[in-house]
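Asker: Residues per chain are reported as follows:
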Amino acid sequence: MTGILLLPVIVVLFPSCIVLFAGMVPSIVAYMVDRTKGKYLAITVALMNFCGTLPGLTKLWQAGQAYDASLRIAADPVHWLASYGAAGSGWLIYLAVPPILSVYYSSISAKRIETLRRKQAEIVEIWGSEVVPGGAQELSEE
Amino acid sequence: MTENSNGPGEDLTLAGRYLIHPDKPLPAYDHATAFAVDATDQRAPTRRLTAMVCRSGLVPRLDIIPQLSRLMRLPMITPIEAGPVRWPETGGRRFVVLFERPLGDALAGKLGTKFEALREDQITHKIIKPILPALKEMGGRSIKHRAIRADNIFYKDSTCQSAVLGECASGPAGMSQPKLYEPVDAAMVLESGRGQGTLADDMYALGVTIAVLLTGGNPTEGMTDEEVVATKIRRGSYITLVGDLQLSLRMIEPLRGLLCDDPNERWTADDLELWANGRQLSPKQPMLPTKASRAIQFGDSEYLTRPSLSHAMGCRWGQAAKLITSGEVTNWLRRSFGDEESATAIEFLINSSGGGRQAEDQLISNTLAVLAPNHPIRYRQISARIDGLAAALAVNYGDEDFRASFVEMIKANLPQTFLKSAGSSGKSDRAALTKTFDMFSYFLDRRQLGNGLERALYEAIRGWPCQSPLIADDYVCELDDLLPALERVARRGSANEQLIDRHIAGFCAARSKTLAECVPQLLAPTTDLAKERLGVLAIYAEVHRITGVSQRFPALTAWLAAMATPIYEGYHNRVMRDRSQKAVDRVGSKGDLSALFAVLNDSTTRTADVAGFADARTEYGRLENNINWLMGGGLAAPDYVQAKSRQAATFLSAVISSFAVLALSIIFVT
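For the record, the sequence lines run as chains A and B.
Position 101, counted from 1, in the first sequence is what this note's numbering calls 101; the numbers after and before it change by one each time, with no gaps.
Numbers given in this note's numbering equal positions in the second sequence, counted from 1, plus 1000.
There may be inaccurate statements among the hints.
[Said to hold, decoys possible] Quick list of simulated restraints, FRET-style, between CB atoms:
hint, chain 1, residue 1, chain 2, residue 2, range
1, A, ILE100, B, ILE1667, 30 to 36 Å
2, A, LYS37, B, ASN1601, 37 to 43 Å
3, A, LYS119, B, ASN1601, 30 to 36 Å
[Unchecked claim] Calculated cross-link-like contacts (lysine-lysine; reagent style DSSO-like; alpha-carbon spacing at most 27 Å):
hint, chain 1, residue 1, chain 2, residue 2
4, B, LYS1322, A, LYS39
5, B, LYS1179, B, LYS1114
6, B, LYS1582, B, LYS1513
7, B, LYS1420, B, LYS1435
8, B, LYS1129, B, LYS1024
9, A, LYS37, B, LYS1644
10, B, LYS1156, B, LYS1129
11, A, LYS111, B, LYS1126
12, B, LYS1179, B, LYS1126
[As the list claims (entries may be wrong)] Some but not every residue of chain A turned toward chain B, in silico, with C-beta under 7 Å:
hint, residue
13, VAL12
14, SER16
15, MET48
16, GLY88
17, TRP91
18, ILE93
19, LEU101
20, TYR105
21, SER109
22, ILE113
23, LEU116
24, ARG118
25, GLN120
26, TRP127
27, VAL131
28, PRO133
Worth flagging that the hints you see were computed from the coordinates, not collected in a lab.
Idealized CB from N, CA, C, for every residue including glycine.
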């Protein structure tokens, strides 16, 4: 249904679609290889990939969306480099964030535990050791 | 009646006017239920007053003191003032009744002392005629004297021409009377179980007094009390007391009338007045019980009448069951009296009696009632007129065996059975007494604090003072006296952990309608110490409300505040607990029990505490779960990090691309 609705747009903006398709191939690949729910990899790569493809599109629109200009831009190695380089940086972001986040989370866990312990102590201070489920006895033993 | 105002170390003062001198005893006026000391009226120091001090564990006749106080013109010693005073020897309170001291001596010394016998005309003119107005007036008001005897009738003055009746209000009715002065049924019972008695008892006592005065001593000298009673039953009172006295026909007449053993046939004050005015009444013939055609052997004696046998069996309780169960009694009734009905009734009792000591005792008690329906009720060591049974319990409450026997009697419904078979009391009396004993059964079935035997006792005898060991010596007979007495206990520092006992609980429930139902509920058994103490405090606060909130009891309140620690310690919230403790400390020093209770019984705070505690517990658990998750590496777990990383990478990519698109747009436009 969506393809039928997009068909007039593709017909009208066919030169832009040539440039866009040629530049967004990494995103298509990312979409295909991304098995996660939410397709975070595809989205991350596509957003950056689109940024790399956008200068080529701009050139095309400045050239009046001519068919031959679109072929020329699609064959331009600079356009390829910009599109695929941007897509690569998106892929790099996706790969680099987990180790960074893992280090970060490890570092804040101790602090969070300390905060939670302090909150528990405040509760015990106000409500007494009986507030501890299963016991005042455990606390007194400590 | 007036409360004394003296404190420790002060003079004993009654009603702010009468000084009592414990160091000046007057043994001539002592009797079994009270002892006498000198007293002074500060407004009229020349008045000769006697203070009768009730003996410990006994109560005066509070019901008649106000009435007697208004009969000052009668030839009788009437109370001037009465009330409790702090007694120096014991430190406790004693009830004191003040009387005007007679100018003349007593007609005779204590029973047993010999004196010069009075002539018949002296008795008529100096004694009977002068005291008749008092007897008639008291009869008209249904006031029973119950202390008419030779040593309690005094000459009005030193000329010894006219007599006045002695006092009768300083002890339980009839309790000070020697057995000789009591009719047969009252002489058979414990002194404490004689009940209120009747006007006929007074006339009988007057008859005995005349016999004593005519004899110049005890007319039954040499006989024991039991022998006197047995002889009265066997031969009649007149023969026993008058015996071989040489009397004129004119004196025989009132003696036969007054010493008649049937109270319905006995002379009244009106009969005596008629006689004193010269009218001749037909002399009463002694009414002796029907004799059997053959005697029955019991122990080493033989008995010819049913009352004699009943009395003997009551006195030798341990041997009675054997005689009854052997069938000898039923055979004797059938063969010697032809009384099939009584024999069948006793056979039924034997057949329906189970085994064991209690069943045996019940069998004896019921059999004695069948043998002599007009005799008092008996059960083991208890013997009392049916209307004196509760008073007997009150006086003998400290005797554990007596108490146990009484409980057995009530549980077996013996008083109710006795009332059904006895014909001595009126129908209305019987209904009232049945109700009283039903009430005893009711409370005995409910043993918790505020019910039980103690509650029944205080319900049955409205003026009986509280017997709690804490305040037993303080003569607390009204609810108004309770908190001041406890205040004195607290001031002495003898207060302990026992804030309330069975006696105080029963006393409070019996003396207040509002407390009657709630005391047992507030003191229901619980393992929650806070709840238990709040219940006690609720009772004392209610007593405070009833008896006047303007009174202050600082020592008692401080004592209760100290005992209230578990109540506010029960708060989970430290802030609430501290606030409550401060409020208790503040109120505790002011002596206001009601305010103390209001502070400790704050249901809003308690509800908020309970709800807050539940929330705090949930929150604590939630935090604990979070900590456990963090400690288990929850935050750095690969799956978690991966999931968060995907989101973070996408977000970062979106931010960068947004800036890039913005920059290209600016470049494209410019």
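Asker: Taking each numbered hint in turn, which are not upheld by the structure, reported in ascending numerical order?
Answerer: 2, 4, 6, 8, 11, 13, 14, 16, 17, 24
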